[in-house]
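*Asks:* Given next are the chains, with one letter for each unit.
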Amino acid sequence: MVIRKKTWVSAMSLTVVAAMALAGCGSNDSNNGSSASASGSTGASASSSASAGKASDAPKKDVTLTYAIWDQLQQPAMEAIAKEFTAQNPNIKVNVEVIPWDQYWTKMSAAAPAGTLPDVFWMHSGQFVKYASGNFLEPITDKVQAGEIDMNNYAANLGSIYVFNGQNYAIPKDFDTIGLAYNKEMFDQAGIPYPDDTWDYAKLAQVAKQLSQPDKGIYGFAAKMDTQGGYWNDMLANGGYIVSEDGTKSGYDDPASIEALKARYQMILDKSSPSHQQMTDTDSTEMFKSGKIAMIFEGDWRTTDIDGSDIIKGKWNWAKLPKGKVKRGDIINGLGNVMSASGKHKDEAWQFLKFLGSQKAAEITAQMGAAIPAYKDTQAAWVQSKPDLNLQVFIDQAADATPYPAGSKAYPVWFPKESEIMAQAWGGNISIEEGAKQVAAMMNQAIADNK
Amino acid sequence: MNSRSRYVWAYVMIAPTLLGTVLFWSWPAVYSIYLSFLKSENFGLVNHWVGFANYEKLFKDHEFWRNLRNTLYYTVLFVPLTLVLSTFFAVLLNAKIRGLSAYRVIFFLPQVTMPAAAAMVWVVLFARDYGLINYVLGTHVAWISDAKFAMYALVIVGVWGAIGFNMLLILAGLQGIPRALYEAAEIDGAVRFRKFRYITLPLLTPTLFFTSVVLMIGATQIFDSIYLLIGKTNVALPAVRSLVYAYYQNAFVYYDQNYGAAIVDVLLVINLVLTGLQFAFQKKWVNYD
Amino acid sequence: MANRSQTVRRNSNWILHLVLIAASVVMIVPFVWMILTSFKTVTEATQIPVVIFPSHWNFSSYAKAFEKSDFTHYYLNTIFAAFMKTLFPVLFSSMAAYAFARIRFPGRTLLFFLIISVMMVPNPVFYTPQYLLMSKWGLVNSVTALWICSLVSPFATFMLRQFFIGISKELEEAAILDGCNPFQTFRYIMLPLVKSALVAIVIIQLLWSWNELQWPLIINSSPDKLTLSSGLATLVSMFSTNYPILMAGAFMAVIPMIVLFFLFQRRFIEGVAFSAHKG
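Protein chains in written order, with numbering that gives the first Met the number 0: chain A, 0 to 450; chain B, 0 to 288; chain C, 0 to 278.
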């Protein structure tokens, strides 16, 4: 006991001494830290040619890049691309980091002013202007002009999404549209023909009602509270809009938009869809995956995920979205790969970025079924990645789809608030009309504040 | 040893704590107040002085008042309930009964459970259709997505997590009460409840006071369980959203750090007032001898 | 007479145990449910009516949680941060607490008040400025950022000062007569005397640091820089309502501290009880 006490005391005193020594170091550390960050920020504002010169002094230095993405479902494909890239460039390793969507933009907005954005990362059209206008992204215009990359290689003019003040910032990665997933087994049992091109919203509501057995927890449709994968498509189909074309006004209070929102919500009231509370307890796509929902709107990017469910595998398929009063509404969005303006290894990052925009990377994306690649003429490979599913609907719908309502500094402000207000309407606390009007007022305010 | 060299030693020994406190705590607290008078653009790289504009906006915002009411309501439910239950179980365990240490361990278990993990399992337990709680009670209540119940769900989770720790604190307080006092009371023929009321409770007041101050400061900062149990698309969110949750949303999701700073600065004032009130009223009920 | 009172005691004991057992069940059920759910399939976990036991004990949710999130780093970061956030505050605070308790020096009251005044400030007040500080030092999204702001603890300083005040001065005076300087007196005489208090502070710091969610959630983003609690928040974002995977993750996150608690349960419980005496 005495011995134990002694060792304890001497151990303690040792650590105290160490601590005091460290306390001395601590202040040194902070000096170093601030000077390092000072040089870091000058480095960030220095022209890219300076950093290029530095890198060429030691061209084959081992470098590890960070590539941040938000979709864990695409992680295997992105890692496969990174591996292929490293095989071609053995000195450059790439770390693929998944930060879930819920946290992705919070983290990026924190990292941007700190100069710690990942070397290369996914960009969303809604967030793009904010980052480009703040000079946090490395422009790639000179590389495009120098012919290092050809923007004509990408389908549907996707490169133009990521142009700001005449500068190019991103290489198109993929595009996505929304489809109607349906459970074939449930249609067969009810003796109802599968959804097809002729369907309109009235037909959807009618069949959803027929397929619902609310007392058994089975529903024909998931009228979920969702934007891109939900009512935005309804609003467009009904002749409404999300943001006016000049970007100055919200379309949520447009009568056609409100009518579409009400029609969707009506399906919950009709018990053709689970309630918002039920869909909070269990994600609606999970319900579809476990065979409790007959039809749901989803993005093509969920294909692998849904098909991974043992319960529904082989028993489901995709159809086009139903037609509305005015047209078939469908949101198309294109993701881009961008690189940080303050990265330490911009040359290597550019090499990787270029590779991400290559045909090879697009083919890997397609074959692994991760997403519809933006690279021209590689979409067929994606459609072939799951031959038993009608993936062609996504390509077909892309032709006359409406672009994602992005391209402003206001989007990042209004988008997270939108879901909080709509949750009140979807949960039954306020009327749909009231919710839509509140969203419109909030959006118009955000647009005015973020000119 | 002369006193001047003792001074030097004292300064050396307090230096790490003092410098660390000023750098990491005092300065940020002051800076937070400064931030609330600014308006930032471009991720905080450009700042303008706007005076009281953030506070004006805050006090005109109905949501803020509702968040404030939620925070206080949670505190008012959580603190007394935790104190009463902790005292109750502490009194039960302040006896020579079998399995005493087992009970103590079990009651303490929630305390060593990460609140994030606990919140996740409560989501499953509270689920309306397949949740264990509705199954056992035979009810069909949407505990966490019905505005009428969500606050109670949060209080249940909070109390569940807090009882063990506070029970031990109170138990320690109980064991500090001299046996002789009870023996004297037994001669007088005092019954159990009277014993508790007239001997235990008065002597326990210093512990209860300390515990209630700590609980209250913690309760006004509720965030983890709202973030993980309720979530942002939950229809019940406005009925439970706390000031700290609103701070997180504004500062880190809506990218308005200045408005967020104004929210937590109001919370700071509230905490100072509440703590001040508790100290002011302690003379009325706390016995220090 | 004696007989009757014994019966009364036995009866009341019986009721006592009933109450305590009922409460214990409530305390434990969440853990049991966490474990059971983690072995179920998604369908079983959300089945109506409720199924208590999984039909097969499958570990696939654990494999999936492990595969999709970087648990190895979560563990390492959490342990390392908890270590730093415990060791340094205890060291620095005990020195400062001793000085504040036993040495009269100019500015003592003022400096002590300066330190403990921050205890009144709610933690979220600090986050944005601390974030900006980390950003200035280039520490955003680093393991260092997890602990550096918690190197000192006003709370521990306050508690330990109370303990030092309560210790008799005789030993200390003898040491001073022997020619020990204040630091030697502190190190050889006083520190061993507050060992139990140090254990209490260690336990409180450890628990607090292990459980913390909001700061790690704000400051770090890369999967290899997260802690267990912020990692769990990530898992929720990734898997929304896939409860078996979430529960597997939650179980992996809580188990180390629970094991530690069972190994040192007396220390834990006495530590907390001990801190109450001087509160």
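Source of the hints: derived by calculation from the structure; they are not laboratory data. The reader is advised that the hints may include incorrect statements.
Stated by the list, open to error - To spell it out: a stretch of chain A is covered by chain C in this simulated footprint if at least three of its residues, at any positions, have a beta carbon under 8 Å from a beta carbon of chain C; those stretches are:
no.	stretch
1	94-102
2	193-207
Unchecked claim - With a straight-line Cα cutoff of 25 Å, these simulated DSS-like cross-link-like pairs (lysine-lysine) come out:
no.	chain 1	residue 1	chain 2	residue 2
3	A	K436	B	K95
4	A	K416	B	K38
5	A	K312	C	K135
6	C	K135	A	K314
7	C	K63	A	K385
8	A	K416	B	K283
9	A	K385	C	K67
10	B	K231	C	K135
11	C	K135	B	K38
12	A	K450	B	K56
13	A	K416	B	K194
14	A	K324	A	K270
15	A	K343	C	K135
Said to hold, decoys possible - Quick list of simulated restraints, FRET-style, between CB atoms:
no.	chain 1	residue 1	chain 2	residue 2	range
16	C	G165	B	I176	40 to 46 Å
17	A	A86	B	Y33	50 to 56 Å
18	A	P89	C	V28	50 to 56 Å
19	B	V268	C	F82	31 to 37 Å
20	A	P89	B	D60	45 to 51 Å
21	B	D60	C	K194	49 to 55 Å
22	C	I20	B	L80	19 to 25 Å
23	B	V190	C	I115	41 to 47 Å
Positions of the beta carbon are idealized from the N, C-alpha and C atoms, including for glycine.
*Asks:* What are the numbers of the hints the structure violates, in ascending order?
*Replies:* Of the numbered hints given earlier, those the structure breaks are 2, 3, 5, 6, 8, 10, 13, 16 and 20, listed in rising order.
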